[in-house]
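S.K.: Keeping their order, the protein sequence lines are chains B and D. The first sequence begins at 23 in my numbering and counts up one residue at a time. The second sequence begins at 38 in my numbering and counts up one residue at a time.
These are calculated hints, taken from the structure and not from any lab test. Do not rely on the hints blindly, as some may be mistaken.
As the list claims (entries may be wrong) - Residues from chain B that keep clear of chain D, each with C-beta distances beyond 10 Å, as calculated:
#  : residue
1  : Arg48
2  : Ser49
3  : Leu73
4  : Ala137
5  : Phe138
6  : Asn205
7  : Thr208
8  : His211
9  : Thr241
10 : Pro242
11 : Thr247
12 : Phe257
13 : Gly267
14 : Phe387
15 : Ser390
16 : Phe547
To be verified - With a Cα cut of at most 25 Å, we get these calculated DMTMM-like pairs of lysine to aspartate or glutamate:
#  : chain 1 : residue 1 : chain 2 : residue 2
17 : D       : Lys154    : B       : Glu559
18 : B       : Lys521    : B       : Asp376
19 : B       : Lys45     : B       : Asp545
20 : B       : Lys134    : D       : Glu66
21 : B       : Lys222    : D       : Asp87
22 : D       : Lys126    : D       : Glu150
23 : D       : Lys147    : D       : Asp213
24 : B       : Lys43     : D       : Asp164
25 : D       : Lys127    : D       : Glu66
26 : B       : Lys90     : B       : Glu559
27 : D       : Lys154    : D       : Asp52
28 : D       : Lys93     : B       : Glu532
29 : B       : Lys549    : D       : Asp52
30 : D       : Lys126    : D       : Asp51
31 : B       : Lys41     : B       : Glu525
32 : B       : Lys449    : B       : Asp376
33 : D       : Lys217    : D       : Glu66
34 : B       : Lys549    : D       : Asp87
35 : B       : Lys134    : B       : Asp483
36 : B       : Lys222    : B       : Glu559
37 : B       : Lys452    : B       : Glu525
38 : B       : Lys519    : B       : Asp548
39 : B       : Lys370    : B       : Asp545
40 : B       : Lys134    : D       : Asp229
Glycine included, every Cβ here is placed at the ideal spot set by N, Cα and C.
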Amino acid sequence: MDNDAATAANDHVSFLKYKGKYKGIRSWILSTDHKRIGILYLMALLCFFALGVTFGFLIRLELLTPGKTIVEPQVYNEFFTLHGVIMIFLFVIPGLPAVFGNFFLPIMLGAKDVAFPRLNLLSWWLYVTGGVLIIASILMPGGPADTGWTFYIPYSVRTTTNVIITGSAAFLLGFSSILTGLNFITTIHRLRAPGMGWFKMPLFAWSLYATAWIQVLATPIIGITLLLIIVERVFGVGLFDPALGGDPILFQHLFWIYSHPAVYIMIVPAMGVISEIIPVFARRTIFGYKFIAFSSIGIALFGSLVWAHHMFAVGMSDTGQFIFSFLTFMVAIPSAIKVFNWTATLYKGSISLDPPMLFALAFIFLFSIGGFTGLIQGALSVDIHLTDTSFIVGHFHYVMFGGTGMGIFAALHYWLPKMFGRMYNLKRAKVAFWIIFVGFNTLYFPMFVMGWLGMPRRYYDYLPEYTIYHQISTVGSWILITGMIIMFTNLIQGLRKGKVVTERNIWGGETLEWTIETPPTHDNFDKIPMISTPPYEYKQNETEELPEEIIH
Amino acid sequence: MSTQEQAVVHVHRDDIGSRMGMWLFLFTELLLFGGLFFLYSVYRFMHQADFHVAAKELNVLVGTFNTAILLTSSLTMALSITALQRNNKKLSVFFQLCTILLAVAFLVNKYFEWMTKIHHGIYPGSDEYLAMESGRRLFFALYYVMTGLHALHVIIGMVLISVMTRFTVRNVITHDNYVKLEAAGLYWHLVDIIWIFLFPLFYLIT
Ligand SMILES: [Cu+2]
Chain B
23 MDNDAATAAN DHVSFLKYKG KYKGIRSWIL STDHKRIGIL YLMALLCFFA LGVTFGFLIR
83 LELLTPGKTI VEPQVYNEFF TLHGVIMIFL FVIPGLPAVF GNFFLPIMLG AKDVAFPRLN
143 LLSWWLYVTG GVLIIASILM PGGPADTGWT FYIPYSVRTT TNVIITGSAA FLLGFSSILT
203 GLNFITTIHR LRAPGMGWFK MPLFAWSLYA TAWIQVLATP IIGITLLLII VERVFGVGLF
263 DPALGGDPIL FQHLFWIYSH PAVYIMIVPA MGVISEIIPV FARRTIFGYK FIAFSSIGIA
323 LFGSLVWAHH MFAVGMSDTG QFIFSFLTFM VAIPSAIKVF NWTATLYKGS ISLDPPMLFA
383 LAFIFLFSIG GFTGLIQGAL SVDIHLTDTS FIVGHFHYVM FGGTGMGIFA ALHYWLPKMF
443 GRMYNLKRAK VAFWIIFVGF NTLYFPMFVM GWLGMPRRYY DYLPEYTIYH QISTVGSWIL
503 ITGMIIMFTN LIQGLRKGKV VTERNIWGGE TLEWTIETPP THDNFDKIPM ISTPPYEYKQ
563 NETEELPEEI IH
Chain D
38 MSTQEQAVVH VHRDDIGSRM GMWLFLFTEL LLFGGLFFLY SVYRFMHQAD FHVAAKELNV
98 LVGTFNTAIL LTSSLTMALS ITALQRNNKK LSVFFQLCTI LLAVAFLVNK YFEWMTKIHH
158 GIYPGSDEYL AMESGRRLFF ALYYVMTGLH ALHVIIGMVL ISVMTRFTVR NVITHDNYVK
218 LEAAGLYWHL VDIIWIFLFP LFYLIT
């Protein structure tokens, strides 16, 4: 290959127009450019998100009235399983690392690509294969799994639905997630630009680093657990099946040893995004950089020791319950540290309420509600009352959607113009934000109330006294979806026909992605940058604060 | 994995990074088995007597023989890397082929061991299996799942080493660029180490 000629022809062409080995669609699906892979992930991710939202919408619609509203109970069970599996394994877990991590991590570190570009492409292919398998499980005879996304045994061994396909899909997605994780760890260790010490790294990179370790350390456990379900179904070995002497509670332990840390795979990158956005739109240096960085690591460490709080009602020794409850309270501390530091950053900042900032603030607000309701369930006695009620559904959605979901929306509004060189309509984005915000709370807040009053989760039918809450909630889902449709139409229209942006620093950020061309060139940097300052040096607020310091 | 792509990768070569990635991957493999070791220890604790009885039914001689085979194969793998470092391509290829051969021997041995068990009616789903005491059944469940998953890794390792042999013959792997062979070697040692744990757990501790 004549590399020199190729470079000359591609000089200062954006990565979107770069001509590599392949042409047409193959220049995308076979590309090892981290930026193109990021966009591949984004496209696939949005399709699966649309699917996940559709199932969520259908669940809510079914619950509009007691008894049958639109579908039979069996179909309803399949709906909530698909909603959970798709949203968790295909949207929330890969959401930020695979899309924005892929695209911006190398740039933020001052590198040309990730450490293993071809492995990166492989992980996308695994991801898509996993997604296609899940869709295949819907279409194949037997129907999609109806076990809930937790695949609890013994039901997942007894049901006649396609648990094997859904399980293998989740296994592949886990593998894909592991590969992304080990790629990022190596990238961060090996490819930081000269001069970029660990504490000159942007906080998004820190959050991805912590996340990557959880991905690498926790995911193999769900891998073996899913494999065992498949083995159990195919051969009937009896490792978990109580009828054969196995212990189904051990399954739950193995499942949650992964799945609780997985919650942090989902939320920590979003915290990283928020840590990027807050200083930019408050025009202030981030408060407590090291605290935020280390709290990510703290979450990763503590988060791996609290899994059994999902099993307080299952049966465990009192000592075990006490320890897991205590650690659950402990793990709230690093999250709280972040929230305090963000608010401290906002304090006395000159805040501009652009769409990314609105979503970031919504993150802080909704995540705080999600976090506190989590603590309520971490308390042993209260948890017995709340276990398996819609309270936990509300809590989970406040954390995962109000947290990670808003984080993804914030990232979309923050970085998409940089990625594509076109700007969306700011005003419409704000309108969409408010509709989403109102819809979100209307949808999920009633779940706390009815959960507290005893409404079980995952139930198809309910007593008439819960009707009002279900109806408010369902109406909320309509508002939320309307808001999201406006938001995505606005973003997509913006990418296709929006105002062209060539300005490098669109929002006035201080991290490296704002120093390169918009959209970035294939190589990201003409010259690998030398780093000498920390990532969030806001000159303007230093000069503002200086006189005050003198007065003191 | 065409050689053309290799050329592109050469532009950015970071052997330390590659090794780091491989170690991380091996770590995930260990954790994958870790889940099973966890189940083993819990069930062993719950059914000590049954495990004791069941373990006696395994043939220690066959197990020892297989352990020796795998340890030797680890040695030949290491030797193939050393040979390449000393720029002796032929010898390296020879040792890689030895490793593959030993892996086949291991699998053949394993096959006959499993077959004997199956002839005795000890396999998931058989009447004998369903009639066992829970502890004994769990022992054999773990035996089949863990040695089965290990055998799967032996097969993956064989394929991996075969690809490396091809690379060595075609000079993709050379005496100054052998990080891929090294990675395959690490993988093979992992397969060996996992067996070193499985062997005493199933054959020796009674
Ligand atoms: Cu948890």
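S.K.: Now, for every hint given, state plainly whether the structure supports it.
M.R.: Against the structure, the hints:
Its beta-carbon lying about 14 Å from the closest one in chain D, B/Arg48 satisfies the requirement of being farther than 10 Å from that chain. At roughly 14 Å from the closest C-beta of chain D, the C-beta of B/Ser49 stays outside 10 Å, upholding its exclusion from the interface. For B/Leu73, the condition that its CB be more than 10 Å from all CB atoms of chain D holds, with the nearest at approximately 29 Å. Not every C-beta of chain D lies more than 10 Å from that of B/Ala137, the closest at about 5 Å, which undercuts listing it as non-interface.
Non-interface status of B/Phe138 relative to chain D is broken: a Cβ of that chain comes within 10 Å, the nearest being about 6 Å off. A Cβ of chain D approaches the Cβ of B/Asn205 within 10 Å, the least distance being about 7 Å, so the stated non-interface status is violated. Against the 10 Å criterion, B/Thr208 falls within the reach of chain D, whose nearest CB is about 5 Å from its own CB. Distance check on B/His211: its Cβ comes as close as 6 Å (rounded) to a Cβ of chain D, failing to clear the 10 Å threshold; non-interface status is violated.
At the 10 Å boundary, the C-beta of B/Thr241 falls inside the reach of chain D, the nearest C-beta of that chain being 7 Å off. Not every C-beta of chain D lies more than 10 Å from that of B/Pro242, the closest at about 4 Å, which undercuts listing it as non-interface. Once the 10 Å rule is applied to beta carbons, B/Thr247 is inconsistent with being away from chain D; the minimum gap is 6 Å. Consistency note on B/Phe257: stated as away from chain D, yet its beta-carbon is not over 10 Å from all of that chain's, at 4 Å minimum.
Remark: the non-interface label on B/Gly267 conflicts with the geometry, its nearest Cβ contact in chain D lying 3 Å away (cut-off 10 Å). B/Phe387, annotated as away from the interface, keeps every beta carbon of chain D farther than 10 Å; the closest lies near 37 Å. Residue-level check passed: B/Ser390 sits 33 Å from the nearest beta carbon of chain D, beyond 10 Å. No beta-carbon of chain D is positioned within 10 Å of the beta-carbon of B/Phe547; the least distance is around 14 Å.
Distance hint between D/Lys154 and B/Glu559 is unfulfilled; the C-alpha atoms sit about 69 Å from each other, more than 25 Å. Between the alpha carbons of B/Lys521 and B/Asp376 the distance comes to roughly 17 Å, so the proposed pair stays at or under 25 Å and holds. With a C-alpha separation of about 18 Å, the suggested pairing of B/Lys45 with B/Asp545 holds against the 25 Å cut-off. For the hint pairing B/Lys134 with D/Glu66, the CA-to-CA distance comes to about 29 Å; that exceeds 25 Å, so the pair is violated.
Between B/Lys222 and D/Asp87, the direct Cα distance comes to roughly 58 Å. Violation of the 25 Å bound is thereby established for this hinted pair. Taken as a hint, the D/Lys126 and D/Glu150 pair is broken in the structure, with Cα atoms around 36 Å apart against an allowance of 25 Å. For the proposed pair D/Lys147 and D/Asp213, the alpha carbon gap of about 37 Å is over 25 Å, so the pair is violated. For the suggested pair B/Lys43 and D/Asp164, the alpha carbons sit about 59 Å apart, so the restraint of at most 25 Å is broken.
A threshold of 25 Å between alpha carbons decides the hint, and for D/Lys127 with D/Glu66 the separation of about 31 Å lies outside it, so the pair is violated. Between B/Lys90 and B/Glu559 the CA atoms are separated by roughly 58 Å; this puts the pair beyond 25 Å, and the hint is violated. Simply put, D/Lys154 and D/Asp52 have alpha-carbon atoms about 45 Å apart, too far for the 25 Å limit, and the pair is violated. For the hint linking D/Lys93 to B/Glu532, the alpha-carbon distance of about 67 Å lies beyond 25 Å, and the restraint is violated.
A C-alpha spacing of about 23 Å is found between B/Lys549 and D/Asp52, which places the hinted pair at or below 25 Å, so the restraint holds. Annotation: proposed proximity of D/Lys126 to D/Asp51 holds, straight-line Cα distance about 23 Å (limit 25 Å). Distance check on the hinted pair: B/Lys41 and B/Glu525 sit about 23 Å apart at the alpha-carbon level, within 25 Å; holds. Note on B/Lys449 and B/Asp376: the hinted pairing holds, with a Cα-Cα distance of about 9 Å set against a maximum of 25 Å.
The suggested pairing of D/Lys217 with D/Glu66 holds, with an alpha-carbon distance near 18 Å, which does not exceed 25 Å. Proposed proximity of B/Lys549 and D/Asp87 is contradicted: the alpha carbons are some 67 Å apart, above 25 Å. Between B/Lys134 and B/Asp483, the direct Cα distance comes to roughly 55 Å. Violation of the 25 Å bound is thereby established for this hinted pair. Pair hint B/Lys222 plus B/Glu559 holds up; C-alpha atoms about 11 Å apart against a cutoff of 25 Å.
A C-alpha spacing of about 22 Å is found between B/Lys452 and B/Glu525, which places the hinted pair at or below 25 Å, so the restraint holds. Distance restraint check for B/Lys519 and B/Asp548: the Cα-Cα separation of roughly 29 Å exceeds the 25 Å cut-off, and the hinted pair is therefore not satisfied. About 39 Å separates the Cα atoms of B/Lys370 and B/Asp545, which puts this hinted pair outside 25 Å; it is violated. Taking the CA atoms of B/Lys134 and D/Asp229, the gap is near 37 Å; set against the 25 Å cutoff, the hint is violated.
Going down the numbered hints, you'll see the structure goes against 4, 5, 6, 7, 8, 9, 10, 11, 12, 13, 17, 20, 21, 22, 23, 24, 25, 26, 27, 28, 34, 35, 38, 39 and 40, while the others check out.
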